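Chemist: Sequences listed follow chains P and W, in order. My numbering numbers the first residue of the first sequence as 32 and each following residue consecutively. My numbering numbers the first residue of the second sequence as 316 and each following residue consecutively.
No lab work stands behind these hints: they were computed from the structure. In this text, all values refer to a predicted model and were calculated from it rather than measured experimentally. In this text, a Cβ means the ideal position worked out from N, Cα and C, and glycines have one as well. Please note that the accuracy of each hint is not assured.
[Claimed, not checked] Just some of the chain P residues that point at chain W, by a computed CB distance under 7 Å:
id : residue
1  : Ala79
2  : Leu81
3  : Ser85
4  : Ser102
5  : Met108
6  : Phe110
7  : Ser112
8  : Ala114
9  : Tyr116
10 : Leu127
11 : Pro128
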Amino acid sequence: MIELDGVTRRFGATPVLHGISLAVPEGSFTSILGPSGCGKSTTLRIMAGLDRPSAGRVRLNGVDVTEATASERNVAMVFQSYALYPHLTVAENIALPLAMRQLSRLERLAGVGRLVPGAGAKRAAIGARVREVAAMLGLEDLLARKPAALSGGQKQRVAVGRALVRDPSIFLLDEPLSNLDARLRVQMRAELAALQARTGRAFVYVTHDQAEAMAMSDHVLVMMSGRIAQAGAPRDLYARPATREVATFVGAHPINLLHVTLGASGTTALLPGLRVTGAANARVTLGVRPEHLAPAATGVAARLERVEYLGAESVVHVRLDNGTPLRALAPGDWAPPAPGGALTLAVAPERVHLFDAETGARLPAAAERVAA
Amino acid sequence: MRPFSLLALLLGAAVVLLPFFWMVSLSLKPADEIFTARVDLLPSRLAWENYATAFTEVPLARFLVNGVIVCGGILVFQIMFAVPCAYALAQRRFPGRTALFGLVLAGLLVPFHVTAIPIFLGLAELRLLNTYFALIVPFVASVFGIFLFRQFFAAMPTELFEAARVDGLSETAIVWRIAFPLAWPAATAFAVFSVTAHWNDLFWPLIATSDPALATPPRGIVYFRDAEAGDDVGPLMAASVVVTTPLIAGFLFAQRRVTQGIATGGLKA
Numbered sequence: 032m033i034e035l036d037g038v039t040r041r042f043g044a045t046p047v048l049h050g051i052s053l054a055v056p057e058g059s060f061t062s063i064l065g066p067s068g069c070g071k072s073t074t075l076r077i078m079a080g081l082d083r084p085s086a087g088r089v090r091l092n093g094v095d096v097t098e099a100t101a102s103e104r105n106v107a108m109v110f111q112s113y114a115l116y117p118h119l120t121v122a123e124n125i126a127l128p129l130a131m132r133q134l135s136r137l138e139r140l141a142g143v144g145r146l147v148p149g150a151g152a153k154r155a156a157i158g159a160r161v162r163e164v165a166a167m168l169g170l171e172d173l174l175a176r177k178p179a180a181l182s183g184g185q186k187q188r189v190a191v192g193r194a195l196v197r198d199p200s201i202f203l204l205d206e207p208l209s210n211l212d213a214r215l216r217v218q219m220r221a222e223l224a225a226l227q228a229r230t231g232r233a234f235v236y237v238t239h240d241q242a243e244a245m246a247m248s249d250h251v252l253v254m255m256s257g258r259i260a261q262a263g264a265p266r267d268l269y270a271r272p273a274t275r276e277v278a279t280f281v282g283a284h285p286i287n288l289l290h291v292t293l294g295a296s297g298t299t300a301l302l303p304g305l306r307v308t309g310a311a312n313a314r315v316t317l318g319v320r321p322e323h324l325a326p327a328a329t330g331v332a333a334r335l336e337r338v339e340y341l342g343a344e345s346v347v348h349v350r351l352d353n354g355t356p357l358r359a360l361a362p363g364d365w366a367p368p369a370p371g372g373a374l375t376l377a378v379a380p381e382r383v384h385l386f387d388a389e390t391g392a393r394l395p396a397a398a399e400r401v402a403a
Numbered sequence: 316m317r318p319f320s321l322l323a324l325l326l327g328a329a330v331v332l333l334p335f336f337w338m339v340s341l342s343l344k345p346a347d348e349i350f351t352a353r354v355d356l357l358p359s360r361l362a363w364e365n366y367a368t369a370f371t372e373v374p375l376a377r378f379l380v381n382g383v384i385v386c387g388g389i390l391v392f393q394i395m396f397a398v399p400c401a402y403a404l405a406q407r408r409f410p411g412r413t414a415l416f417g418l419v420l421a422g423l424l425v426p427f428h429v430t431a432i433p434i435f436l437g438l439a440e441l442r443l444l445n446t447y448f449a450l451i452v453p454f455v456a457s458v459f460g461i462f463l464f465r466q467f468f469a470a471m472p473t474e475l476f477e478a479a480r481v482d483g484l485s486e487t488a489i490v491w492r493i494a495f496p497l498a499w500p501a502a503t504a505f506a507v508f509s510v511t512a513h514w515n516d517l518f519w520p521l522i523a524t525s526d527p528a529l530a531t532p533p534r535g536i537v538y539f540r541d542a543e544a545g546d547d548v549g550p551l552m553a554a555s556v557v558v559t560t561p562l563i564a565g566f567l568f569a570q571r572r573v574t575q576g577i578a579t580g581g582l583k584a
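Could you build the full structure based on these sequences and the hints that come with them?
Modeler: Spelled out as C-alpha cells, the structure:
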C-alpha cells in the first residue's frame with residue numbers, strides 16, 4: 032500500500048498541494064478524480080517518485096520512500112501519452128523494465144552479455160514472461176512491431192503490458208484512456224478493472240472523467256484546488272457529496288443548484304412540498320440531480336424550454352415561474368408538451384442535497400415532504 | 316518560374332563543382348599537359364600514373380589511416396561528452412542550468428584559433444606535441460555538438476524519460492538506451508560536420524605535429540609542395556582526389572539523415 036502524509040508541493044511560491052494525506056490499501060482500485068489543475072497528476076507523480084514533495088512523507092508498504100527515486104521504488108506507471116520507446120519493438124518495450132532490473136550491467140551489453148554464464152537463462156525467462164503478458168493483453172501478433180505501426184488502443188495495451196511485466200508493488204495510471212475514442216474507452220475501462228482484479232495489486236487511477244472513476248474504482252478521492260474534497264466509495268460520493276463542488280463534479284448529468292433563503296418553517300416557495308427541518312431562515316443551496324426530478328402529474332410547476340432526446344432518456348430543460356432554469360430527466364418514451372407548454376416536476380425530498388450557501392459545505396439537515 | 320529556378324540552381328552547381336572538376340581533370344593529365352597556355356577541360360589521355368606516384372612518393376595510405384584515427388577519435392569522444400551534457404541541459408532540472416546553457420552558446424562564438432596558442436603551449440609543457448593525443452584532445456568537447464543534441468532532446472516528450480525512470484533506468488542508461496538511439500538524425504548530421512571539419516583541418520595538424528608519420532591527409536598533401544623541385548601538380552591533384560572522395564561518399568550516404576537532423580530537430584510522435 033502507499034500512504035501520503037501531509038504532502039505539500041509548491042512550484043516556486045505557488046502551492047499546488049496543501050498537506051494531502053491519503054492511503055491506498057493493498058488490492059484497492061483507487062481513483063483520484065478532479066478538474067484539470069487540481070493537483071491530481073502532481074499527487075501521482077509524487078507517488079511515482081518523479082516529483083518530490085516540498086513537505087510531508089511518502090510511505091510505500093510502511094517504508095519511507097520520500098527521497099527515493101522512481102527507479103528505486105518498485106512502482107509501475109502508465110502515462111497519458113503511453114510514452115512507448117519509439118526505437119524499440121513491442122517485445123523490447125515490454126521487456127526493458129525486466130531487463131533493467133534482472134540483468135547485471137555486463138549481461139545487458141549487446142553481444143558480450145550472451146557470453147556471461149547464466150545470462151541466457153535469464154533472457155529466456157524474460158522472453159517467456161513477455162510472451163505471457165502479451166498473451167494476457169492480446170498482443171502476441173504485434174511483438175515485432177515498432178510503436179509507430181500501432182493504433183492508439185494497441186499502444187495503450189503495450190503501455191499496460193510494460194507496467195504489468197514486472198510485479199510492482201503499485202500501479203499508477205495517469206489518464207491512460209483520455210487519448211482513446213469513446214467506444215474503445217468504455218471497453219478498456221472494463222479490461223483495466225478486470226486486470227486489477229486479476230493482479231490483486233493496488234491501482235491508483237488519475238482521471239478528470241467522473242464516469243471512469245465511478246465505473247472502475249472501489250474508492251474515489253475527489254481533489255479540488257490542491258485539497259482532497261472528499262474520499263469514499265463511488266456510491267457515497269454520489270449519494271452524500273460533502274461539498275457543492277463535489278456534487279457538481281460527480282454524476283453523469285450536472286446537478287441543479289438552487290440558491291434560496293428558507294422561510295421560518297424551513298420551506299421555500301421555489302420547491303413547494305418540501306421542508307427542511309432545523310434550517311429555518313437559513314441561506315442554503317439546494318442540490319437536485321436531474322435524474323431525481325421527473326415530469327409527473329403533480330409537483331413543481333414549470334415551463335418547457337427544450338428537450339434533448341438521448342434514446343433511453345431525455346434531458347428536459349425547463350424554467351420555473353420565477354425564471355430559474357432547471358434540468359430534469361424523463362424516460363425516453365415520455366411525450367413532451369409543445370415548447371413553452373406547462374408541466375409539473377416531482378422531486379423526491381430524500382434525494383435533495385443541502386449545502387451552506389456561503390461555504391458550500393454539506394448541511395446535516397434533511398429535506399422532507401410536506402403536504403403542499 | 317520552375318525552369319528559371321532550375322537554371323539558377325544548375326548555374327550555381329556548375330560554379331561550385333568547377334574546382335572539383337578541374338581537380339579531377341588535372342589529376343588525370345600527363346605532366347606536359349598541365350602547364351600549357353591553353354585551357355583544356357579534359358585530358359588528352361588518362362595519366363593514371365599520377366595516382367601511382369601519389370601513393371608511392373609519399374605514404375598517402377598512412378595519411379588516410381591517420382585521418383581515420385584522428386577524425387574517428389575526435390567524433391567518438393565528442394559524442395561521448397556532448398550527448399550526456401545535452402541530455403542534462405535539456406531534460407534535467409538543476410540550479411544554473413540556463414546560465415550553463417548560455418555559456419555553451421557563448422562558446423559557439425569563440426573560434427578555435429583564439430584558444431589554439433594556449434592549448435599548444437599547454438601540450439608543449441606536457442611534452443605531448445607530435446602525438447595522436449595532441450591531434451584529438453583539443454576537440455573532444457564540442458559546444459556545437461552539445462547545442463545540436465540539446466535542441467534535439469529538448470523537443471522530445473518528457474514523459475518518455477519519466478517512463479524510463481519508472482522502468483528502472485539510471486540517468487546514464489536513459490542517455491545511451493533511450494535518448495541517443497532516438498537522436499540518430501542529429502548524430503548523423505553532427506558526424507558529417509565534425510568529420511568534414513577535422514578531415515579537412517590543416518591549421519592544427521600543421522601546428523601540433525611535425526612528424527610525417529602523424530600527418531593527416533591535408534597535412535600530407537602539403538608534402539607535394541616542394542619549393543626547390545617545384546610543385547608536383549599531377550600527383551598533388553591525384554592525392555587531393557583520393558583525400559576528398561571519402562568525404563563526398565560519406566556525405567552522399569548520410570545526406571537524407573543530415574537534412575532530417577537539421578530540419579526537424581525533434582521527434583515525430
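Chemist: With reference to the structure, classify each hint as holding or not holding.
Modeler: Now for the hints, and whether the structure bears them out:
1. Ala79: holds, 6 Å
2. Leu81: Hint holds; P:Leu81 Cβ to chain W Cβ min 5 Å, cut 7 Å.
3. Ser85: violated, 14 Å
4. Ser102: holds, 4 Å
5. Met108: holds, 5 Å
6. Phe110: At about 5 Å, which falls below the 7 Å cut-off, the nearest Cβ of chain W leaves the hint on P:Phe110 intact, so it holds.
7. Ser112: holds, 5 Å
8. Ala114: holds, 4 Å
9. Tyr116: This interface hint holds because 6 Å falls under the 7 Å limit.
10. Leu127: holds, 6 Å
11. Pro128: The hint holds - P:Pro128 has a Cβ within 7 Å of chain W, the shortest such distance being about 4 Å.
The structure shown violates just one earlier hint, number 3.
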